[in-house]
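Asks: Put together the whole structure using the sequences plus the hints.
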Amino acid sequence: MPGEWPLPLTATLVALAFGYLCGSIPFGLIFARLFRLGDLRQMGSGNIGATNVLRTGSKPVAAATLLCDVLKGVVPVLVASQWHEAAGIVAGLGAFLGHIFPVWLRFRGGKGVATLIGVFLGLAWPLALAFLAIWLLVAVATRYSSLSALVASTLTALGAVVFHGGWLAVAVVAMAVIVFFTHRANIVRLARGEETRISLGR
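Numbering (the UniProt record's numbering), first residue to last: 1 to 202.
Hint data in this document are derived by calculation from the structure and do not stem from the laboratory.
Some hints here could point you the wrong way.
[Said to hold, decoys possible] Derived DEER-like restraints, expressed as beta-carbon distance ranges:
id: 1; residue 1: W5; residue 2: R108; range: 27 to 33 Å
id: 2; residue 1: I30; residue 2: F163; range: 35 to 41 Å
id: 3; residue 1: G165; residue 2: L67; range: 27 to 33 Å
id: 4; residue 1: G3; residue 2: L137; range: 33 to 39 Å
id: 5; residue 1: R33; residue 2: V161; range: 37 to 43 Å
id: 6; residue 1: L13; residue 2: M43; range: 24 to 30 Å
id: 7; residue 1: R36; residue 2: L136; range: 16 to 22 Å
id: 8; residue 1: G193; residue 2: G38; range: 42 to 48 Å
Quick caveat, the model's predicted, so the values are computed rather than measured.
For each residue, glycine too, the CB sits at the ideal point set by N, CA and C.
Replies: As structure tokens, then:
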């Protein structure tokens, strides 16, 4: 069990807000409009993340979106961690929530996977490597992006509990639960055999 929370309420809220504002920047939507790919919210899954950008056919823009969505998880964690480790954890959680529930888009954002990887990179990079390895293995085996994210989130959360513990593990488990929430429609489609497969080739 984690010990007493080490930060005062005001500091916790500041770190959370800082992370949220960083995470809420809708890079996918911005890049899609900048390169005239259309409004992502009216295309494909309606999601503003890199996977839906890829559905527009522009791999470079999808790659740029993925990179920026990862960075908006990394940066607030690293900045806040300079003050206190707990501040980094809260900022990471805020960035993750900001990506999923951006106030600028009426709280309808991405599914959080890329930003989650960024948060892991900032908090404990082995978690990010484990997540990516698991995601790739499941993706190669099944070609389901959603299933890959769900399995990777679950196993990484278990790893955080076993190898890290404390408030970091609490945050990782909480984010894994939220990943399941953001993928609830995908879970239904997976159960029905209707989920779209991804192409891992060129």
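Asks: Now tell me, hint by hint, if it's right for this structure.
Replies: Tested hints:
| no. | hint | in the structure |
| --- | --- | --- |
| 1 | W5 to R108: 27 to 33 Å | holds (30 Å) |
| 2 | I30 to F163: 35 to 41 Å | holds (37 Å) |
| 3 | G165 to L67: 27 to 33 Å | holds (31 Å) |
| 4 | G3 to L137: 33 to 39 Å | holds (35 Å) |
| 5 | R33 to V161: 37 to 43 Å | holds (41 Å) |
| 6 | L13 to M43: 24 to 30 Å | violated (36 Å) |
| 7 | R36 to L136: 16 to 22 Å | violated (32 Å) |
| 8 | G193 to G38: 42 to 48 Å | violated (29 Å) |
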